[in-house]
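Undergrad: Sequence:
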Amino acid sequence: MTGTAPVDTTATLVVAECFGPTVQGEGPSLGRRASFIRLGGCNLACDWCDTPETWDSERFDLRQTLTRTPVDEIVARALVGAPGLVVITGGEPLLHQKQPGWDLLLVRLAAAGVDIEVETNGTIPPSPFTARKVTRFNVSPKLGHSGDLEAKRINSDAIHHLMWTERAAFKIVCQSAEDVDEAALFACAHNIPPRLVWIMPEGVDAAQLRDRLAALAEPSIAAGFNLTTRLHIAVWGTEKGR
1 MTGTAPVDTT
11 ATLVVAECFG
21 PTVQGEGPSL
31 GRRASFIRLG
41 GCNLACDWCD
51 TPETWDSERF
61 DLRQTLTRTP
71 VDEIVARALV
81 GAPGLVVITG
91 GEPLLHQKQP
101 GWDLLLVRLA
111 AAGVDIEVET
121 NGTIPPSPFT
131 ARKVTRFNVS
141 PKLGHSGDLE
151 AKRINSDAIH
161 HLMWTERAAF
171 KIVCQSAEDV
181 DEAALFACAH
191 NIPPRLVWIM
201 PEGVDAAQLR
211 DRLAALAEPS
221 IAAGFNLTTR
231 LHIAVWGTEK
241 GR
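The sequence shown runs 1 to 242 under our numbering.
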C-alpha cells in the first residue's frame, strides 16, 4: 500500500485548456506562481470577453475548442512544476458544480496541498462543499459595459452566498472612471467592504492597459478600492497558455 488515492478514469470535466506554471495576472493573487484549469461553458456573453472560445458556438466549433477530460489527467497537468496555486477559471467554472468530476477535482487539488482559487462571474452560488474546499473566490461581477442585461449579470443571492464564505474578493473590470462609480454603487448595494474590491482595466494589449490603469487609479483609490493590472497581458500579450 502506498497510500496514493486510486486513479478515477470515469469522472470527467469539459476543459478548454490547462497550463502552467505561470503567474496569476489579476486580483489579490497578482504575481503568484500558478497553474490554470480553464473549463468550458458560460452563462454570460460579455461583449469584450477574451475567452469566447469557451462558450461562443456561433464563432467557434466548441467540439474543437473543448475536450472532455478525466479529472485525474487534469490534476496531473495542473500540478506540473509544483505550483503553490491552482486557478480554476472559464468560462464560468461554477456551472460544473453538479458534475461528479467537480467535487473530485477539488478533493484531488486539496489533497495535493495547493491553494485553490476559483474565478467566477458571481451569478452562481457555491455549493457548501465548494465553499469548504476553495481557498479564494475571485469574483468578477459584470458592469453595464459588458453588454449583458442586469437581470442576467447580477444575482444578489449568489453574491451574498459568496460573501458568507468569507473567502471572496471582488475583481471588477472597468473601462473608465464612470465605471468605478458603478462599481462603488454595486459594492454599496451588496454590503461589500471596499477593501475586498479590486478594480481592473479592461484591455488586451499593454498600451491600452497602461492608459486605462492611469485613468482608473485615482478614482479607485478615492473609493477605497484596490487596483490590479493584467500582468500576463503586460508580459505575454494575448498568447494562449500563458
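Since the hints were derived computationally from the structure, they do not count as laboratory data.
Be a bit skeptical, because a hint or two may be false.
List of simulated lysine to any residue pairs, SDA-like, C-alpha gap at most 20 angstroms [stated by the list, open to error]: (1) Lys240 x Asp61; (2) Lys133 x Leu209; (3) Lys240 x Asp50; (4) Lys133 x Gln99; (5) Lys152 x Val23; (6) Lys98 x Thr67; (7) Lys98 x Asp157; (8) Lys240 x Trp48; (9) Lys133 x Asp61; (10) Lys133 x Ala11.
Undergrad: Compare the structure with each hint and give your call.
TA: Each hint tested on the structure:
1. Lys240 x Asp61: Roughly 17 angstroms between the alpha carbons, so the hint for Lys240 and Asp61 holds.
2. Lys133 x Leu209: violated, 33 angstroms
3. Lys240 x Asp50: holds, 10 angstroms
4. Lys133 x Gln99: Distance of about 16 angstroms is within 20 angstroms: holds.
5. Lys152 x Val23: violated, 31 angstroms
6. Lys98 x Thr67: holds, 18 angstroms
7. Lys98 x Asp157: holds, 18 angstroms
8. Lys240 x Trp48: holds, 16 angstroms
9. Lys133 x Asp61: violated, 33 angstroms
10. Lys133 x Ala11: OK: Lys133 and Ala11 at ~18 angstroms, within 20 angstroms.
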